[in-house]
Amino acid sequence: MEYNFNEIEQKWQKHWNDAKAYSVSNTSTKPKYYVLDMFPYPSGAGLHVGHPLGYIASDIYSRYKRLKGFNVLHPMGYDAFGLPAEQYAIEHGVHPAVSTDQNIRNFRNQLDKIGFCYDWEREVRTSDPSYHKWTQWIFLQLFNSYFHPTLKKATPIAALVGSFELEGSVQIDGLRAQVSPFTADEWKIFGEKKQQEILMEFRLAFCGYGEVNWCEALGTVLANDEVVNGVSERGGFPVVKKTLRQWYLRITDYADRLLNDLDKLEWSEAMKEMQTNWIGKSTGAEIDFKVKTSTSPLPLSEGEGQGREAATLPLSEGANETSPLPLSEGEGQGRVALAQEKLAAPRYFTSTAEQWKYLEQFAKTNRKNQTEAEAIIWEEVRNRKIDGFKFRRQHPVAGFIPDFTCLEQKLIIEIDGDYHEEIDQKKYDEARSAWLRENDFSMLRFSNDEVLSDLKSVVEKIKLTLASLQGVNAGKSPSPLERGWGEVTLKVYTTRPDTIFGVDFMVIAPEHALVSSITTASQQAEVDSYITYVKSRSERERQAEKKITGAFTGACAINPFDGREIPIWISEYVLAGYGTGAIMAVPCGDERDFKFANYFNIPITNILGDAFNGTEPNPTKDAILHNSGFLNGMVLRDAIDVVVTKLEEMGIGKRKINFRMRDAAFSRQRYWGEPFPIVWKNGIAYPLPESELPLTLPKVDSYSPGPDGEGPLANIPEWVNQYTSKSPSLSERGWGEVEGGQLETNTMPGYAGSSWYFLRYMDPHNSEAFASKQATDYWNQVDLYIGGTEHAVGHLLYSRMWTKALHDLGHLSFDEPFRRLLNQGMITGSSRFVYRYQLINTSVTSEADIFVSFGLDEKVRSGKIPTEGIAFMINELIPNYCNLDTLKKRNATFLVSKIHVDVNLVDGVELDIEAFKKWRNGEYAHAEFILEDGKYICGVETEKMSKSKFNTVNPDDLVAKFGADTFRMYEMFLGPIEQSKPWDTKGIEGVHRFLKKLWRLFFDELKGKQWNEQEPTAAELKILHRTIKKIEDDTERFSFNTAVSAFMVCVNDLADVKCHKSAILEPVLILLAPYAPHIAEELWHALGNTTLVIDAPFPVFEAKHVVESAKDYPVSINGKVRTNITIGLDVEQAGVETIVLNNDVVKKWLEGKDPKKIVFVKNRMINIVL
RNA sequence: GCCCAGAUGGCGGAAUUGGUAGACGCAGCAGACUCAAAAUCUGCCGUUCGCAAGGAUGUGCAGGUUCGAUUCCUGUUCUGGGCACCA
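Going by numbering that gives the first Met the number 0, the first sequence opens with residue 0, and the numbers climb by one from there.
Just so you know, these hints were derived from the structure itself, not from any lab. Check the hints yourself; a few may be wrong.
[Said to hold, decoys possible] 30 Å max Cα-Cα, derived DSSO-like pairs, lysine-lysine: (1) Lys1028 - Lys1057; (2) Lys462 - Lys193; (3) Lys67 - Lys1021; (4) Lys1161 - Lys1021; (5) Lys620 - Lys653; (6) Lys29 - Lys1028; (7) Lys1103 - Lys1152; (8) Lys995 - Lys10; (9) Lys389 - Lys363; (10) Lys1028 - Lys31; (11) Lys67 - Lys1161; (12) Lys490 - Lys151.
Please build the complete structure, drawing on both the sequences and the hints.
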């Protein structure tokens, strides 16, 4: 009987399927074990040999755990939403659902052939409505939650609303820069829109404006981890920064927990490192520096803190005399006069002289050109008409000109025209609001429409607001001078407050809000042109060429400790999005700052003494501080805390932790993804009620994007407007608020469905919940997760966040999804090349392509064979191909093209010429070959496996040729699972020979049945038990390659002793079952068993069978092994010494000398030291 | 630039805690069986000197610790991966 793997494998695959052999129950008395693969995106290309590596490893481990008595969950599914299917739809007009289904069928077909033990009844597809219903449901949980600042966990948003109603923003004060503090009473009069806007700042899934990675070619936004080197991960298209309305996940709130909980996980250090870097926690301080523009008339004097105080005093005559900065000639006189005049008028002066000068003209113009709505309001509020409060119109406040201002109550009224909806204007408005809020102003906003259509309620609202502010601002002076408003402060973030005396300049991002207000007249042109330059540069250019660029604003900041003036620069190396968008530059300690200072000739202060040599910066924390005022003599490391404490005392700085990680962009302008269960009405996002889920995708004809960066769904009004009216009436069902609203037209990104799929496997058919609590409690965390490293910062981080949020909200009892993570290495392809030679500069007589064998080509390239040499060889092949004389005269050369050739046409390195000629529909049918030793040898290079490089190997072919068992074992035998290694089909025959050899222990080709029931000998038992131990250990530590080799050793040994005893062979089959399940099953049944081998108990290792009574000790002299001596294991040091010293070989090497020492390690070795 | 991982025969790799470096497999060489091939079996297989016995040398490179180092330490080169103006 021969080993007929095809027949055996088909037979058992069918049997397992029919018997539901791998069906798993959610109730069991056995302990549970959950083994998970990263589910595949079903691409059209199908599987290549690299894909199943991880699946085989997890399959072996699952089967092993089942043999060891565990109830093992080992499911598989498909990450079925995604961009490629949609791209394919655009190009070929096939609906993504159709092509995805087709691809899945193809994948399944390929997977089935390898003989995996998946419980296919638990299959999930993220694009199934019954699945994405729960993706949408989880989204709603995130939408309806916020991160509680002290509990540090997701909490229903209702709790936040309750706290706002009860005590205003007290609890969350200072947590969200975008939201100004408010009282409970204020909250109540805000109105729904304003309330919802505030709540949106807290929701874990939220919608907002932000700079996003926009990919024009893909027509969508991408998350940070989907952008690589300024181009899209998929397709490599350019990506630009664009401000758009987008959905986000507030993953930054979880940054600390995501970082700290890494400790709980059994992941590789490299993986943890990657997540740690991505989260990018840094500990430092924010420091406020006072800024003075070079023309400022404010007397900013030396000495700490005095500047602030000085500004709060009413300015006396001669204030300008104390100004440390001489005003420029000419214009100076007039300005000083103006400044003095304004400064002397305290009550309503709300801008610096500099600002006033610029704004005055605008204000005057604005007053003359009021809009209709503004005119109406002005009539209502002027002359203290409302409860005696004085309003001013177009009154400059700091750098802004609000429409109407009541300084007494610090209330500002804005009437917005349509242009306020534009993005840039919005940003500007936000910056202004932020500043005003910080300075205790309240704001009321009305649209033109509101004023024109319902003046009454507008006035009523103004009255109410003024009343509610009564007392709020009591004791707070509206006077700018008493508050020191004339000052501008620059907030910087630094991790090195200890170096504050070494600050030689400040750098702020070109986009920084302060740039326009601090730039001096003389520097304006330079700053403007620099900003133009920065805007002209794409993200890619910015990353590619890191030139030192920048511009001086003309303004200076003041060092709070020594009063030094520090010039403020702008430069693109400072990022607006990180920290405060401003840094204090310490060139003696920081590489970039040092280069910048050198480039722009900014003098460098040395605070490091000898530790700074003037030619390169030293970032040390261990030097002694010099030139650092009260810090002199202190070690930098220790000074950090001292400085921050001092800053805090002075009220101009505080400790601050920053994260590099940003909130995750969560919307895509695409069709093939989960629709958001959100209805927009009057600019408010209403969640769809759970009863409406799943919200499914409409059928569409076109996948082209909608208007204004919206997705294709925006083109389908029937779908978008399906909630304008619905029967039975929406209000009857208790959610009338969405009536008349429009559905969100973005869809969710690919990582939405994959962030929780491991939970659905636990209870895949549940229609009441994403999974029952009973199921998630039972299966709990994934015990072993196997997949590639490419998901290190995407999927793995999002899954962790979703799990934590679901845990916080009481839906899960665990807060980390994957307890143990194993990263399989990439299988690289081994590409083969042929070398095509084309003569240029001379005529040839044949059109045939000429291919030169690798070895000859090398000699040509190294100059060992001249051009004429090759031409001569071609002429031998094709008579009169070219004229050698003309060739020489014209100095003709060959154009050599290195062409990828399909690895499947190459045996090792030798090209199958006939197959090559038929390749690609006979493209090279007429090719001619210059051979070496009668063969055409191909060039070899290791590259990533990909279709375009023709280096993919299809597992189907190998399974057909060698069987699934051989294929599985060979993939494992290639090397350590975590290491990346090149694929080489050639070695598979060795593994196949091993299985055939195993087969021959049971069956003889001629005689048939070989096994017997004889008692095993001690030697045979030793072989068996050594193998049990080795397989068990190796499987436990995922050392599958060495386990395969142990099987080979075992079978070789058994064959050597001609062992055909079932008492030995049967346990070996159980050991082998996880690795080669089909052959193990077949032989197991051949031995007479009727149950499945997978249900057999794992053999128990018994040490007594492997104990030795003696050891063949290596004996070294001075560390060099000279001989081996067999000595009983019970012999101790003294006995060993006697035996060794009497040995002839040892005596020879001792040359009569006495050994200094004899090192004896029992069961290891003996070393004689001379 | 920063961080991490790695470097062992012609090739993939093994050596689990410092204890005989090269298990197992591929490729190669020699032989057996065969008319022949396939399949199977046996032997050899790091480099080098030597007829041999045996010796020298050898885990990227240079040092160190140790009776003993592929393994630990310091420095260095190269390869792969991650991050990349994150203050």
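Can you give the numbers of the hints that this structure goes against, from lowest to highest?
Hints 7 and 11 contradicted; others consistent.
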